[in-house]
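Protein chains in written order, with the numbering used here: chain A, 369 to 492; chain B, 369 to 492.
These are calculated hints, taken from the structure and not from any lab test. Positions of the beta carbon are idealized from the N, C-alpha and C atoms, including for glycine. Please note that the accuracy of each hint is not assured.
Stated by the list, open to error - Pairwise CB distance ranges, derived in the manner of DEER restraints:
1. S472(B) with K375(A): 40 to 50 Å
2. K381(A) with V444(B): 11 to 21 Å
3. E439(B) with Q427(A): 24 to 34 Å
4. F452(B) with Y406(A): 22 to 32 Å
5. E481(A) with I473(B): 23 to 33 Å
2 protein chains.
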Amino acid sequence: MSEPVIKSRQVQKHVNGISTEVVCTEFSNYIFIVLTQYGKIGTLISVIPDSQSKDISTQSFSTKVLLGKDEPLTHVCAKNLATFVSQEAGNRPVLLGLALKDSSIDAIKQIKEIIKSCSNLLWY
Amino acid sequence: MSEPVIKSRQVQKHVNGISTEVVCTEFSNYIFIVLTQYGKIGTLISVIPDSQSKDISTQSFSTKVLLGKDEPLTHVCAKNLATFVSQEAGNRPVLLGLALKDSSIDAIKQIKEIIKSCSNLLWY
Chain A
369 MSEPVIKSRQ VQKHVNGIST EVVCTEFSNY IFIVLTQYGK IGTLISVIPD
419 SQSKDISTQS FSTKVLLGKD EPLTHVCAKN LATFVSQEAG NRPVLLGLAL
469 KDSSIDAIKQ IKEIIKSCSN LLWY
Chain B
369 MSEPVIKSRQ VQKHVNGIST EVVCTEFSNY IFIVLTQYGK IGTLISVIPD
419 SQSKDISTQS FSTKVLLGKD EPLTHVCAKN LATFVSQEAG NRPVLLGLAL
469 KDSSIDAIKQ IKEIIKSCSN LLWY
């Protein structure tokens, strides 16, 4: 059988003592990422590049909560966590599931590293 | 390391000559299923049991399109495809990505069998 079109990778690590799972799945039109410390899919947010700008530094993103509580902090976290993945994937939109017990700046920083290691498994 | 909390399984088969991929991922509060003949995540639909009725025969479901075109046929397909998975998973809601080239009754029937084989890999 040919290699599956859809690639999915999973990484589990501890962030400030909390077991954290990251699942990255690559679709042709979306990167699907779940970050969970509850085993839940959590709040589902779409993070979509506003335009096909080739200049990464000026690229802006629109976030929309599709499922779950729509809070300002969720949009900030989602942008912070998903932007670099979108850019690495050639400005592909990201669908992000977020279920975090700890969303401190320090935790977000560590989680970003886990996403990096997980998404790198997709590309390389 | 302990077994990952999130289990994901993937099956690829041909349906009427079209390569069809099914990805099933089990979260504690949702079963996430993507059925794709395009490699895309497609239309994203939530299929949620209306009540915690213990009688499967009277269980009804609410469908909502979260991403993509909201068409009546999409709701019918989603209910048809996701209901049995939800029931097998103890009435858990299903998040369904649907990107089908062929959504004839015959194709849906075959795709249902693929979902069954894929979700069975999750439970057993």
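Each hint, compared with the structure:
no.	hint	in the structure
1	S472(B) with K375(A): 40 to 50 Å	29 Å, violated
2	K381(A) with V444(B): 11 to 21 Å	41 Å, violated
3	E439(B) with Q427(A): 24 to 34 Å	32 Å, holds
4	F452(B) with Y406(A): 22 to 32 Å	26 Å, holds
5	E481(A) with I473(B): 23 to 33 Å	48 Å, violated
Checked against the numbered hints above, the structure breaks hints 1, 2, 5 and satisfies the rest.
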